[in-house]
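Start from the sequences, fold in the hints, and give me the full structure.
Residue numbers (numbering that gives the first Met the number 0), protein chains in the order written: chain A, 0 to 776; chain B, 0 to 492.
The reader is advised that the hints may include incorrect statements.
In silico PhoX-like cross-links for lysine-lysine, where the CA-CA straight-line distance does not exceed 20 Å [to be verified]: (1) A:Lys768 x B:Lys24; (2) B:Lys357 x B:Lys435; (3) B:Lys423 x A:Lys548.
Here are some chain A residues the structure puts well away from chain B; computed CB gaps all over 12 Å [to be verified]: (4) Lys23; (5) Leu31; (6) Leu42; (7) Gly46; (8) Gly406; (9) Gly435; (10) Phe501; (11) Tyr523; (12) Ala625; (13) Ile634; (14) Leu659; (15) Arg680; (16) Ser698; (17) Asn735; (18) Val737.
Rather than coming from a laboratory, the hints here were simulated on the basis of the structure. Even glycine gets a Cβ: it sits at the ideal position worked out from N, Cα and C.
Residue strings, one per chain:
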Amino acid sequence: MLFTIIIPLLFAIFVPAFAKWKDKIHTGYFVLLVPLSIFIYYLQFIGEDFQPISASYSWIPSLMISLSFYLDGLSLLFVLLISGIGTLVTFYSIYYLHKSERLGSFYVYLLLFMAAMLGVVLSDNIFVLYTFWELTSISSFLLIGYWHHRAASRYGALKSMMITVFGGLSMLGGLILLNVITGTTSIQAMIQQKDIILESPYLPIIMTFIFLGAFTKSAQFPFHIWLPDAMEAPTPVSAYLHSATMVKAGIFLIARFLPIFVLNEWFFVVVSGIGILTLCWGSFMAVRQTDLKGILAFSTISQLGLIMSLLGIGTKTAIFAAAFHTLNHATFKGSLFMIAGIVDHETGTRDIRKLGGLMTLLPISATLAFFGAFSMAGMPLPFLNGFYSKEMFFDATLELHDNPLVGAQLLGQAIPYLAVIGSIFTFIYSMYLVFGTFTGKAKLDQLPKKPHEAPLGMLVSPILLVIAVIVIGLFPNLVNQSFLAHTAEAISGYQIEKNIVFWQGFIPPLFMSITVVVLGALLYVTRKKWSKVYTVIPGNLSFNRVYDKIIVGVETYSSKITNSYMNGSLRRYIALIMTMIVVTTFVTIFATGGFQIKTDDLAEVSYAEIFVAVTMALAAIGTVFARNKIAAILILGVVGYGLSLLFVIYRAPDLALTQLVVETITVALFLLCFYHLPNLRKTDDTIGIKLTNGIIATSFGTMMTLVAISAHSSKWFPTISDYYVETSYKLGGGDNIVNIILVDMRGLDTLFEITVLGIAALAIYGMVKLRGEKEGE
Amino acid sequence: MSNLAVLPIVMPLIAGVLLAFFHNKLPLVRTLAKVLTIINFLVVLYVFYYVINNGSVVLETGGWIAPYGIILVADIFSITLVLTTNIIALATVFYAPLTLSKKQEEFYFYSFFFLLITGVSGAFITGDLFNLFVFFEVLLMASYGLIVLGGERVQLRESIKYVLINLFSSMLFVTTVAFLYSVVGTVNMAQIAERVGEVEQKGVLTTIAILLFFVFGTKAALFPLYYWLPKPYTVPNPVVSALFGALLTKVGIYSIIRIFTLIFVYQTTFTHDLFLWIAVFTLIFGVIGALSTNNIKLIIAYNIIPAVGFMLLGVGILNETAVSGTVYYLVHDMLIKAALFLLIGAIVHLTGTTDLKKMGGLIHHYPLLGWMLFLAALILAGIPPFSGFIGKLLLLQGALLNGEILVVIIGLLSSLLILFSVMKIFIRAFWGEENKEIQPNRKMANKLTIPAIFLLFFSVLLGVGAELFYPGVKNISAYLLDPEIYIQSVLKE
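Rendered as structure tokens:
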């Protein structure tokens, strides 16, 4: 299995080389080999006696991340969709994308996506799954932004990435929680331990996290908004990623974890609730669209909602229907996207208001579109696969099992009606799509190009898909025992027998279907009369606006917030830093009982010391208030000389001398460059600011004093300095302990302090010199 | 072999001093700088190899036995960081001649460069709290030299803030060391750890710990102490920004990790819970800052802050998984920040502007640069299978082991916004209409991109090849969480 993921990745490396010959042979022909061979490889697994297989390769064993893959009925359905639709889409793209496009990039992204998507559905390891999951988001981002000179493409690409990566990260949170609870990284092993998960207090959070991942990826309400904008991608991409495969990753995720979560009563409410809401909303909104791909995008949203609600119901019928509809949707929606691409390609527009009457001009495309759309509408005809799964969906909505939650009972009663409403709108937009495009009066003057039927190559893929629609419609049991039964079994965990027949007698689902067709037809014909409803709903309540507001808001508000404190004022910064330190330290010293004061080991204080200390303090305060810079320098000098006096009092003559020299040089230097120093400015701060700064400064001083007193009162250990006294002469060979400490015991400090001075000298020299030369220029 | 511990400090010191003498012989200086960096890298690689195989190398400088003299400790944690530092040095020394003006190179760029490496390596290796202060001074003074190099008005204006705030924290540092000395009577880190343990961090010790935390927190650019960081990091030459972004804040966070896993580990419900909150706010405000601007250098500079927040998370959580996450993230972040600053520097150098609004369509001119930035953005945001993911995964796992759901949610959301802030650069600068008037200098662009590719290679390797590194990181984490090993290795009782 690993090689089916690696081949597309490896191939992607060589694509740029193939793209060099794109004038002679379209790069797509090379790429075509990849999905085709993968498709053929996986076809062999179809059969009644299929058994899940797994394979594992070591990667990061110490983090329990291994490349372990698991192919069961569920993954088999998806790998066949990915490689099958992938083949058709690649073939279609050969005719769709002109050789003048950047084919190399396109196919690299496409292959990356293919590998990623195969990885998602085959991985058993949660972190490998997550890796591929994000890779699908990234490759989708690149594909949507393929025509990045268009602003709309860039907007759509970013939007899809933000929403799906958001979901991906959320899913990661859920997966890590599962991992922490179960101690395993394998999904199958987690399913074995579902009791532990279901009893965990974190279960609601896990479900929320994982559902968010699934709902964003599968464009469920209200995260669906990225999908219509993703239609900026080239049509093959829309058909492939944004209809048949990537958007179904969320479905896959829910299906994968269904055996665990279905046992929780909230599973039905949330998954089916969101699903049915998405079905209704998507189909309702699809009718309003004017862009062919817009209709298809909303249609995809609503169909995904349908599958999601089936999974939420979780009964045998529902699960089988979900698997069946996943397959059917890929066939009819894929063909419809390709037809939309053909119409766009041949007429130059996708605006349904400009289209019409194309039946005679594009007869083959029109025929294909009718099959696709009727299948999507669930028209009760024995040769359309869409009808069967739709019928099963109705059936499933009627057989809800017991659920203790009140909300679940309400939802259970409402679901059949909502299903019918959603299907009515599905019917309407399906009709609108094909009749609007292919019947009526042709408006050739409004079309940028003179339309004619597409080249055969472009038609091959939709024809094959429509054949699939019909064949599955005529012989639904072809895909039953040998294929979908395995899928349903893989999702639910138990065997599901289902005989698919067209005529089941006069049962409720049939009446529901008939209601849909009758009411749908009626509403389609009269749609102009009621289309005003769209000015009320959604009106201004669009989730697009919410997204735009968030994105714009994130940038403007972050600017506002940041600029409000990062105002460039040094004094402000220092004030904020000091406030933080003072507050936290005060809290700490009192909360931890840190303040201590002991007076028993204090030396006697002489008057001389008091005098010097008071003078120094006054001078320090005076410096702040000095109006004149020469006064400020001299008063500052008092502090320094005071310090040397203290050294004299404490009998440290060498320190006193050093301090005297330093102080004298500093004052002298200040006076030397006195001329160049700017005058002290009177600050125009308000009293309030001055007062605040004063408070901050005094409390900082108070705090430092308190800590100093406490530190002095907590001498719990003998100091290492005794050792210096003992060994200074013996080992250091000198009588002056300070000297020995500086040059020997802590010589390294001295070496690097000298280095600091050296660097300072070089820096100042460089700065002055470089500036001087600049000014000289 | 104990002298090995001093080599990573002494070699760049000699190199820095030596190059100052030939400062105006440019071709010679450049070659010498490259050769010396490579030699230094190889030596450090050897020391790293030796430490990994034989355990910590402890050097009692001047033969003054512990705890009385200055002790250098090259243990698995510090030597890993020194090695990473030297990888970054390699990339920057090759990048430097491309963007620096001749004058800047002549006026001691290479000396400052080597002395910065000296200070950083020294800070990692020293086992003495006062000596740590000295190495902070060395690296700060070298950084002052680098930040004003060029002497533009805006550089001077921003660097004065940088210098003053750092001076403030240095003063607080040395005062706090004095307080601590008064209580425990020593500055040897192992002995401090031992003595703080003996009295179970009672009394004023926690207060002193918090003060030290703020000292390092200012250097590490934690909330709300990071005001000095973003703007000053954008004014110097990109190669200087890369060095700063990769190394300076990391020395601060390294010190926090060291001090709060070795020494002050007895009041964790107070101190480490506080760290967790500060980490969360650092994440939030850092990300907000990164989103607030269209200046590409500033976007990356702000992105330093949430990364530091991530690393502090691990210290706050303090279990083995989370601490290994922090160590992993630390190494990852040093590499990726350097790479990003080099890439952004290349964009600025080629387009002549830092304003995103003035760019567009660059992918047509500079595809390699564009894709490398794209890759770097994914790595930064922690997208698997790259280095950022492994670190983040471990941190989140560690957080969940302690039941910190809120931390996890904020961590995940900030990852999304980090991705947005950097992807914005890719979308707005590289996508869009190509500007036909630009005369692209693709050759220059590729030259500028190569050093970044070198760093990105390690980032990718750290992710894809995590199995090669994670067991080692796990050892570091276990080592850090057991202070006895460090104390024993130094005091040998």
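Status of each hint after checking the structure:
Between Lys768 of chain A and Lys24 of chain B, the direct Cα distance comes to roughly 17 Å. Compliance with the 20 Å bound is thereby established for this hinted pair. Of the pairs offered as hints, the one joining Lys357 of chain B and Lys435 of chain B holds, with about 14 Å between alpha carbons and a cut-off of 20 Å not exceeded. For a cut-off of 20 Å, the pair hint linking Lys423 of chain B to Lys548 of chain A stands: about 17 Å separates their Cα positions. Distance check on Lys23 of chain A: its Cβ is at least 23 Å (rounded) from any Cβ of chain B, clearing the 12 Å threshold; non-interface status holds.
Every C-beta of chain B lies more than 12 Å from that of Leu31 of chain A, the closest at about 25 Å, which supports listing it as non-interface. With a closest Cβ-Cβ approach of about 30 Å to chain B, Leu42 of chain A is found to remain outside the 12 Å limit, as its non-interface label requires. Under the 12 Å C-beta cut-off, the non-interface status given to Gly46 of chain A relative to chain B holds; the minimum distance is some 35 Å. With a least beta-carbon separation of about 24 Å from chain B, Gly406 of chain A lies farther than 12 Å from that chain, consistent with its non-interface assignment.
Once the 12 Å rule is applied to beta carbons, Gly435 of chain A is consistent with being away from chain B; the minimum gap is 34 Å. Against the 12 Å criterion, Phe501 of chain A stays outside the reach of chain B, whose nearest CB is about 47 Å from its own CB. Remark: the non-interface label on Tyr523 of chain A is consistent with the geometry, its nearest Cβ contact in chain B lying 41 Å away (cut-off 12 Å). Distance check for Ala625 of chain A against chain B: the nearest CB is about 19 Å away, which clears 12 Å, and the non-interface claim stands.
In this structure Ile634 of chain A is separated from chain B by more than 12 Å, as the shortest Cβ-Cβ distance comes to about 20 Å. With a least CB separation of 21 Å from chain B, Leu659 of chain A remains clear of the 12 Å interface cut-off, as annotated. Even its closest Cβ contact with chain B, about 16 Å, leaves Arg680 of chain A beyond 12 Å, as expected for a residue assigned away from the interface. Non-interface status of Ser698 of chain A relative to chain B is upheld: no Cβ of that chain comes within 12 Å, the nearest being about 14 Å off.
Here Asn735 of chain A stays apart from chain B, with its beta-carbon at least about 17 Å from theirs, past the 12 Å limit. For Val737 of chain A, the non-interface assignment is confirmed: its Cβ lies about 15 Å from the closest Cβ of chain B, beyond the 12 Å cut-off.
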